[in-house]
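Novice: Work the whole structure out from these sequences, hints included.
2 protein chains.
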Amino acid sequence: MKEYVIGVDVGGTTVKLGLFSTSGQLLEKWEIPTCTEQEGKKVLPDIAASIENKLKEKQISHDNVEGIGIGVPGPVDSSNVVHKCINLGWGVLNVKEEMNRLLPDIPKVAAGNDANVAALGELWQGGGQGSRSTVMMTLGTGVGGGVVLDGRIIAGHNGGAGEIGHITVEPQETELCACGKKGCVEQYASANGIVRLAKRMLTQSDEPSALRDMPQFTSKDICELAEQGDPMATAILERCGEYLGRALSCASAVIDPDVFIIGGGMSRAGKVLTDVIQRHYSQYAFHVSAHTRVVTARLGNDAGIYGCAKMIIE
Amino acid sequence: MKEYVIGVDVGGTTVKLGLFSTSGQLLEKWEIPTCTEQEGKKVLPDIAASIENKLKEKQISHDNVEGIGIGVPGPVDSSNVVHKCINLGWGVLNVKEEMNRLLPDIPKVAAGNDANVAALGELWQGGGQGSRSTVMMTLGTGVGGGVVLDGRIIAGHNGGAGEIGHITVEPQETELCACGKKGCVEQYASANGIVRLAKRMLTQSDEPSALRDMPQFTSKDICELAEQGDPMATAILERCGEYLGRALSCASAVIDPDVFIIGGGMSRAGKVLTDVIQRHYSQYAFHVSAHTRVVTARLGNDAGIYGCAKMIIE
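Chain order of the listed sequences is A and Y. For the first sequence, the numbering used here begins at 4 and goes up steadily by one. For the second sequence, the numbering used here begins at 4 and goes up steadily by one.
In case anyone wonders, no lab produced these hints; they're calculated from the structure.
Not everything, but these chain Y residues come out facing chain A in the computed CB check (under 7 angstroms):
1) Gly159
2) His160
3) Gly163
4) Ile170
5) Asp261
6) Phe289
In this text, all values refer to a predicted model and were calculated from it rather than measured experimentally. We put the CB at the ideal spot given by N, CA and C, even for glycine.
Specialist: Here's what the structure looks like:
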C-alpha cells in the first residue's frame with residue numbers, strides 16, 4: 004500500500020498542488036504560476052518539476068506515490084484527454100500520456116474538469132461529506148457546476164454535464180448570456196448576474212433601498228443588505244434564489260442526488276442565500292425529492308486539490 | 004456460459020414475460036394477468052409458476068438460466084427493494100429475496116423501476132441502439148421517464164431520478180398537476196396534457212381549426228391535424244414541443260446524454276412530434292450538447308422485457 008497521492012488543480016493564473024496521504028489527509032499544499040505562453044506547453048512540465056522537487060524535499064520516493072489527479076478548466080473525456088482549455092492555451096491533449104512521459108515512475112494519472120473535480124472534493128471532505136451523490140453549483144463570475152453520482156464524476160457525452168448554470172429559467176429574456184442563449188440561470192445568479200438583475204429590478208420599482216445610494220454594488224452588498232432587511236435587496240435575493248431553486252429542482256428530476264452544494268464567492272453569504280434557495284427548491288421539486296438539502300461548500304479554493312486526490316484514491 | 008435470461012415487466016393489469024438468449028435475442032414472449040388481491044401477494048408466486056411452466060415446456064433446465072430481471076411500477080433501490088407499488092398493492096418488498104425463495108436454482112435476480120427499465124431496453128435494442136447514455140420520456144397518460152448512464156440505470160437517492168415529467172416549465176401556472184405542483188411538463192405534454200393545453204389555447208384564440216368541430220379530440224387528432232397543416236393544431240404541437248424541448252435541455256445541462264428517446268402512445272405521431280421537440284431542444288441546449296438527437300422509441304410494449312433482460316446480461 005502506497006502512502007501518498009498528489010492533487011493538482013490547474014487554473015489560468017496559478018496551479019494549486021496538494022500532497023495527501025492515501026487515507027485522505029492533506030499534508031501540505033503549495034502553488035506555482037501557470038505559464039500559458041507557447042500554447043501552454045510548459046504547464047505540465049512545470050507541474051512535474053514542482054512535484055519532483057516536493058518529493059525530494061520530503062524524501063518521498065516516487066514508488067511511494069499512488070498517483071496524480073489533475074483538474075483542468077475545460078472538458079475532459081473518460082480517457083483523460085482534454086479537449087481545449089482556452090485559459091491554458093491547450094488544444095487536444097492527453098494529460099495521462101504526457102504526465103506518464105514526464106514522471107514514468109508514477110503511472111496512475113487521472114484528469115478531470117475543474118468544476119466536476121471540485122464537486123467530488125466537496126462530496127468527499129467538504130459540505131457534502133457523508134453523501135454519495137451531488138450536484139454542485141459554483142456561483143462565481145459565471146455559474147459553474149459539477150455532478151457526482153455514487154462517487155463517480157459525470158462528464159457527459161459532449162463534456163456538457165454539470166452545466167447547470169445554463170438551464171433556461173426565463174425563456175422570455177431578451178438579453179444574451181455569455182453562452183449565446185437567453186434566459187440562463189447564470190444571467191441572474193452569478194456574482195455578475197445578480198448585480199445585473201438588481202439594476203434591472205431597481206429601475207422597475209420605486210421601493211426604497213440602500214442599494215440606490217451606492218454608485219457601485221456587488222453580490223456581497225446585496226446579500227448583506229438582504230440580511231439586514233432592506234426590502235429591495237430581499238426581493239432581489241428572493242428572485243435569484245427562485246431561479247437557483249428551480250434549476251436545482253430540474254437537476255433533481257433528472258438524477259435525484261443526496262445533496263446540493265453551493266460554492267463559489269457568492270456562497271460566502273451562507274445561510275441567507277441557502278435558505279432562500281432551499282425554500283424555492285422544495286417548492287419546485289417532485290415530492291419524493293423535496294427534502295434534499297442545499298448546503299454551502301466548505302473547502303473553498305482547496306476543493307479542487309481534494310477532488311483531484313480523490314480521483315486517485317477511489 | 005448459461006444460455007437463457009428471463010425479463011418480467013410487471014404492470015397493474017398484466018405481467019409481460021420474455022425468454023431471451025444471453026446473446027440478447029427475444030425467443031418468446033407471453034403474458035399472465037396481474038393478481039392484485041391481498042396486497043398483491045400472489046404477483047411474484049404467479050410469475051415464478053409461469054416461469055417454471057415455460058421452462059418445463061421448453062425443456063430448459065433452471066441451471067441454464069442466467070437470471071431474472073423484473074420491472075415494477077414503483078421506486079426500486081439499489082438493493083432490489085421495492086418501496087411501495089400502489090398499482091400492485093405492494094408496500095416494501097425485497098423482490099430478489101422473494102424470487103430467490105420461489106426459484107432457488109436461479110439466484111441472479113435484479114429489480115428496477117418500469118420506466119427506467121424501458122429506457123435501458125430502448126438504449127440496448129430500440130431507438131437508442133448504439134448509444135451509451137439516454138434520457139427517455141414516455142408520453143402516455145402522464146409523462147414518465149428513465150435515465151441510463153454508461154449502461155447503468157440511475158434510480159436516484161429517493162427513487163426520483165427520471166421524473167422529467169415533473170420539471171417545472173411554467174412557474175406561473177395556476178392549475179395543479181397530479182403530483183401536487185404547478186407547471187409540470189406533464190400538464191402540457193402527456194396525452195391528457197396536450198388535450199388540456201389545446202382546449203385552453205382554443206378558448207384564447209379565434210384561429211380557425213378542425214379541432215373546433217370535434218366534440219372530443221385526442222393527442223392523436225392534434226398531431227394528425229398538425230401534420231395536415233391545421234394552424235391551431237400546429238400552434239398547440241409547437242407549444243407542447245417547446246415545453247418538451249426545454250425539459251430535455253435541462254436534462255442535458257445535468258448529464259448530457261448521447262441520445263433522447265421519446266416513447267409512449269404519443270410517440271406514435273413520429274417525426275412531426277420529434278422534429279418540433281428537436282428544434283426547441285437545440286435552441287435551449289448549451290452549445291456543446293445542442294446536436295444531441297431526439298429519436299422515437301422502437302420496442303413499444305416490449306421495451307420493459309428487453310430492459311429487464313439487459314439488467315441481467317450486463
